[in-house]
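Asker: Listed below, chain by chain, are the residues.
4 protein chains.
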Amino acid sequence: MNFASDNAYGASPEILTHLSTVSAGAADSYGEDAVTARVCERLRAIFERDIAAFPVVTGTAANALALATLCPPYGAVFCHHESHIAVDECAAPEFFTGGAKLVHLDGDHGKITPAAIEAALLNYARGVHSPKPAVVSITQASELGTIYSIAEIRAIADTAHKSGLTLHMDGARFANALVTLGCTPAEMTWKAGVDTLSFGATKNGALCAEAVIFFDTAHAQEFEYRRKKAGHLVSKMRFISAQLEAYLENDLWLSNARRANALARRLGDGLAAVPGVTLAGPVEANGVFAWFPKPVAARLRERGARFYDWAQEPERVMVRLVVSFATPEADVANFIETAKG
Amino acid sequence: MNFASDNAYGASPEILTHLSTVSAGAADSYGEDAVTARVCERLRAIFERDIAAFPVVTGTAANALALATLCPPYGAVFCHHESHIAVDECAAPEFFTGGAKLVHLDGDHGKITPAAIEAALLNYARGVHSPKPAVVSITQASELGTIYSIAEIRAIADTAHKSGLTLHMDGARFANALVTLGCTPAEMTWKAGVDTLSFGATKNGALCAEAVIFFDTAHAQEFEYRRKKAGHLVSKMRFISAQLEAYLENDLWLSNARRANALARRLGDGLAAVPGVTLAGPVEANGVFAWFPKPVAARLRERGARFYDWAQEPERVMVRLVVSFATPEADVANFIETAKG
Amino acid sequence: MNFASDNAYGASPEILTHLSTVSAGAADSYGEDAVTARVCERLRAIFERDIAAFPVVTGTAANALALATLCPPYGAVFCHHESHIAVDECAAPEFFTGGAKLVHLDGDHGKITPAAIEAALLNYARGVHSPKPAVVSITQASELGTIYSIAEIRAIADTAHKSGLTLHMDGARFANALVTLGCTPAEMTWKAGVDTLSFGATKNGALCAEAVIFFDTAHAQEFEYRRKKAGHLVSKMRFISAQLEAYLENDLWLSNARRANALARRLGDGLAAVPGVTLAGPVEANGVFAWFPKPVAARLRERGARFYDWAQEPERVMVRLVVSFATPEADVANFIETAKG
Amino acid sequence: MNFASDNAYGASPEILTHLSTVSAGAADSYGEDAVTARVCERLRAIFERDIAAFPVVTGTAANALALATLCPPYGAVFCHHESHIAVDECAAPEFFTGGAKLVHLDGDHGKITPAAIEAALLNYARGVHSPKPAVVSITQASELGTIYSIAEIRAIADTAHKSGLTLHMDGARFANALVTLGCTPAEMTWKAGVDTLSFGATKNGALCAEAVIFFDTAHAQEFEYRRKKAGHLVSKMRFISAQLEAYLENDLWLSNARRANALARRLGDGLAAVPGVTLAGPVEANGVFAWFPKPVAARLRERGARFYDWAQEPERVMVRLVVSFATPEADVANFIETAKG
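Protein chains in written order, with numbering that gives the first Met the number 0: chain A, 0 to 340; chain B, 0 to 340; chain C, 0 to 340; chain D, 0 to 340.
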């Protein structure tokens with residue numbers, strides 16, 4: 000019963016198999032290979048427009064390299080105070096940018112609002128004494144398992160753009176959000192005003208593969224230099240690109256995400272019916288946040304369940320439960336039953 | 000006939016298979032998994048002492064993260080002017096260290112000498128006006144396919160240590176050097192005075208796996224923070240560690256290297272016998288450097304051979320030919336025949 | 000009527016005169032001169048112990064260089080969310096440290112508390128995912144014109160030290176705080192647990208002179224390299240040191256601060272008696288923070304008064320009024336009268 | 000007899016006096032004052048065009064901030080291997096740029112050539128594996144006391160521009176070069192293709208004042224943010240600007256430079272006539288480089304002369320002698336006499 004993270008599980012068999020397929024023979028290195036060309040072409044088709052797409056191996060690299068390309072050393076990035084870039088990456092964006100400031104915004108259920116951005120911008124309109132506002136970053140799905148509607152993304156994009164900022168989306172759980180909204184990748188990104196995307200695959204079935212996607216291809220050269228300089232240009236790139244290729248093939252990414260989301264809803268529904276347990280927010284992707292009486296959390300851990308505490312109160316604890324593409328169905332049922340006691 | 004680089008070929012089947020093996024089930028992420036623990040233990044055994052070992056995905060990351068841990072922002076690293084850290088990593092060490100200086104030293108056949116280090120140190124003994132000498136870095140095997148003898152390593156280590164510098168070895172082709180010297184990993188490193196090692200696997204059969212090894216384990220915590228902050232802590236780390244595990248299993252790393260070296264010698268011997276072709280240096284690992292009459296180089300390329308030019312003269316060109324663990328034997332024979340014309 | 004900042008006024012005549020005095024003849028450059036040696040000796044006497052002291056030209060340089068010496072790139076600095084390092088230095092500490100995180104803490108009247116530090120540390124005890132807690136920084140006097148008592152400093156130092164953090168004090172207005180507390184420099188710093196001090200002089204009468212003071216002299220070499228590398232090692236250092244020498248001579252620094260504080264109290268008392276005006280906090284140094292009805296603020300500006308707004312409400316505005324060593328007494332009286340209308 | 004450096008002497012009395020003049024009354028801080036506005040206007044007149052000019056306190060800050068504005072973190076700067084930015088600034092440009100590479104070029108008498116730049120560019124045309132060529136930097140007068148002719152500057156500028164690089168001039172001794180060439184500031188800079196200038200004043204009579212001058216004013220905003228973020232925006236900026244104002248007033252800068260150059264020529268001529276002494280290069284500005292028999296150098300030091308050794312041979316030493324605006328004439332005569340023995 001491992002609900003600690005969606006990176007607790009391995010990789011989809013289709014992706015592992017594809018690694019062996021692409022391994023045969025000689026190929027140009029450092030991304031000049033045919034697999035990389037194909038996957039970039041495939042992403043172009045999926046996003047229905049020209050893009051500049053670059054595989055990388057971690058979500059932190061995707062986010063930090065994207066932000067460094069978008070935000071000068073003397074710039075500021077506005078993001079939710081619980082976002083991955085703010086609190087889970089050991090200040091990687093600050094390092095990659097050369098010292099930019101991440102401005103932490105409040106917002107319910109892990110989401111920021113145009114009003115919060117505008118209020119913060121007022122404090123950063125003081126000339127060179129404050130970093131120059133440069134980027135707004137949102138996480139889709141958010142760290143609290145919630146999802147921005149397309150209208151919400153549009154409103155944030157408009158707020159960012161009218162002040163000259165660009166909009167970055169951390170899509171570590173992009174597929175999970177997409178299948179919930181039931182829209183196209185284009186609709187959830189550039190059509191709603193997103194300028195740059197960290198497109199995640201690792202949490203949803205890959206071994207170590209993400210892609211940074213710029214809808215403004217003018218960033219391509221700078222990104223390529225930064226990726227190399229950060230040690231993130233993998234020499235045998237075909238092995239990273241192949242993960243993405245298999246991930247996108249036959250909509251594996253979408254079926255993986257649907258499965259995880261469905262199990263998360265089942266988990267949420269089951270827990271909501273347990274006496275003493277309260278959901279802390281809506282279950283919109285593959286994460287469930289719930290308040291547990293402390294004895295319930297303790298009992299689950301005694302039975303081997305793995306999950307993180309997210310907040311503490313004297314009598315109860317808010318826990319995070321993340322379901323992955325590969326979480327066994329039986330674990331979900333077992334977890335609910337164990338919670339019931 | 001691809002002799003462009005040893006990263007032109009894919010991965011050893013044993014390594015690919017092992018990825019599927021370790022993929023099953025849930026595991027702790029970010030390096031807390033059992034595979035990573037096992038491979039670190041295996042490296043300890045191979046190096047016959049306690050070490051701090053950390054998997055990363057690229058050689059540039061291994062070198063730059065190691066150097067950043069060893070050299071302060073106001074420090075200097077002394078290395079060969081043709082070394083990978085000096086000219087092939089887009090100044091990654093300068094970025095990771097926060098602005099340290101790489102001091103480029105001359106030296107025959109890609110190797111530096113104690114005398115060159117001592118001469119350079121004289122220019123860096125001027126207080127705060129120059130960066131503080133901190134690290135000597137050597138490449139084993141070197142970028143010119145040559146190998147430092149153990150006595151040479153020992154002499155460089157002594158020179159470094161007596162001035163308070165530490166010795167880093169870029170071992171992107173560690174196995175190729177080791178099988179040539181016929182010594183133990185311990186003898187080629189810490190027993191000869193090496194303090195820190197970038198232990199390569201990618202060029203010799205892995206997909207994307209290297210390890211940074213500190214013989215002084217006091218660096219462990221700092222390195223772990225730096226790796227995370229640079230986006231190089233892979234969440235599903237078991238997939239990187241598994242590559243190293245299979246690489247070391249049954250001495251795959253050594254047999255892969257022996258094969259590549261043997262083919263390189265065969266290629267070198269064959270080319271030395273071609274009229275007009277001269278070897279530019281000894282063939283000690285898996286690289287062959289040779290002067291070709293320009294028509295010979297042109298003919299080879301017409302027949303589809305891939306290789307890099309390393310230096311130019313009016314009538315001839317010095318080429319680099321790199322043989323990998325997977326280069327077909329037929330390609331070597333074919334290349335020699337084509338060179339003969 | 001310029002109350003915008005204490006850096007709106009020039010320099011004390013004694014300091015200007017001393018510049019001409021030390022200008023005669025040749026001297027060693029880059030801080031090897033006799034004036035610098037003398038002023039460091041004088042600071043040692045004032046602080047009653049061995050110290051490592053280094054003149055610099057700005058408060059931002061003092062703070063950022065000190066923090067970079069104390070906090071690794073992967074570290075975190077805990078400070079008040081309104082502190083100068085947090086919001087007035089264009090994220091200089093993030094740049095100088097190589098990407099450290101400044102954790103913004105709440106606290107009344109510009110001061111942080113042990114409880115706030117401890118609560119924040121809980122969020123930064125997650126291994127490499129969060130930056131490593133390294134430094135607590137307090138501002139004395141604070142950005143809101145308040146002063147930490149010695150007991151408060153002691154309590155913060157104990158909290159920092161027991162978790163392995165060091166305590167930095169931004170003393171841009173050190174003298175203003177000192178004369179209020181009526182204690183010795185030693186009592187307000189190292190005897191209370193302060194490890195490193197940015198000792199300000201510019202706001203209180205110098206042209207461009209601060210000193211970074213380490214009570215642990217082991218930091219000296221690193222600081223000297225960092226100062227040089229940041230372009231902050233002035234070649235004709237005697238001119239920076241001379242400012243500090245004259246500043247400390249005959250207790251000029253203390254008399255300047257007493258004058259400014261006394262005028263600030265007079266200004267605060269006068270304004271408190273104006274109908275509709277409310278002090279926003281105690282007047283403990285040379286700053287006055289007060290809520291003004293908006294027409295009052297507007298009238299003052301019409302009459303040429305200069306000051307900053309600090310917070311807004313629909314009917315009133317909180318203003319910051321800073322009195323310097325050279326603010327004319329008549330301006331204080333005039334300001335109060337104008338406020339009365 | 001201090002010939003160690005032109006920063007061994009104090010400041011011109013006119014500059015010291017002006018500091019007291021501008022100290023009176025309140026003024027806007029951080030460069031918003033009238034003195035700064037006036038000096039920028041004066042520089043515009045001197046350079047005969049619109050410019051963006053920014054006072055800073057050290058030459059290292061001027062160079063490193065300028066280069067960071069011109070060169071991305073993944074860029075390369077081409078400069079002489081003996082240039083100040085290459086060897087005297089503790090790798091400040093590498094720090095300020097975020098890890099750019101300084102490519103060291105050879106060249107007689109401290110000067111680089113178009114051919115050397117073009118040869119180096121060939122090695123930096125390998126895509127992302129090498130830093131992206133961005134800037135050529137020349138020093139006028141050079142570290143070896145020589146001067147680029149306008150034709151030489153023009154040729155270097157053309158070489159830089161045709162490859163998309165910009166040309167930076169380190170003018171720490173700008174005035175010394177200018178009076179030798181007898182041209183206008185415009186002719187020695189933008190009319191010859193210089194894009195950005197570090198305009199020195201400290202070595203030639205100021206206390207601590209340089210100016211960064213962009214002939215392309217589009218760089219202004221970025222520079223201002225970078226200056227602030229580096230702690231180089233002096234709060235009481237009028238005191239830095241006033242130094243420049245007095246420096247330019249009544250051509251003080253030119254008369255100071257003429258005096259220093261004339262004394263350097265006298266020193267060079269006198270030494271050239273000493274048996275056993277040989278000039279190492281032409282005396283074109285205020286520096287004299289000469290080979291001394293070792294006993295001569297020893298005798299001079301015994302009599303209290305201060306100077307640096309620049310190169311060593313078994314029997315003789317090459318020394319650097321720098322004459323400043325304030326070096327006593329008697330010291331020059333005395334030095335020559337002492338050299339004669």
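Heads up, some of the hints might be wrong.
Copies of the same chain are indistinguishable here, so a pair counts whether it falls within one copy or spans any two.
Derived lysine to any residue pairs resembling SDA-like cross-links, with alpha carbons at most 25 Å apart [to be verified]:
id : residue 1 : residue 2
1  : Lys293    : Ala119
2  : Lys161    : Glu336
3  : Lys161    : Ala217
4  : Lys293    : Asn122
Please keep in mind that the hints were generated in silico from the structure rather than gathered at the bench.
Asker: If a hint holds in the structure, say so; if it doesn't, say that too.
Answerer: Results for each hint:
{"no.": "1", "hint": "Lys293 / Ala119", "in the structure": "between (37 Å within a copy, 23 Å between copies)"}
{"no.": "2", "hint": "Lys161 / Glu336", "in the structure": "neither (51 Å within a copy, 43 Å between copies)"}
{"no.": "3", "hint": "Lys161 / Ala217", "in the structure": "both (20 Å within a copy, 22 Å between copies)"}
{"no.": "4", "hint": "Lys293 / Asn122", "in the structure": "between (41 Å within a copy, 20 Å between copies)"}
When each numbered hint is compared with the structure, a violation occurs for hint 2 only.
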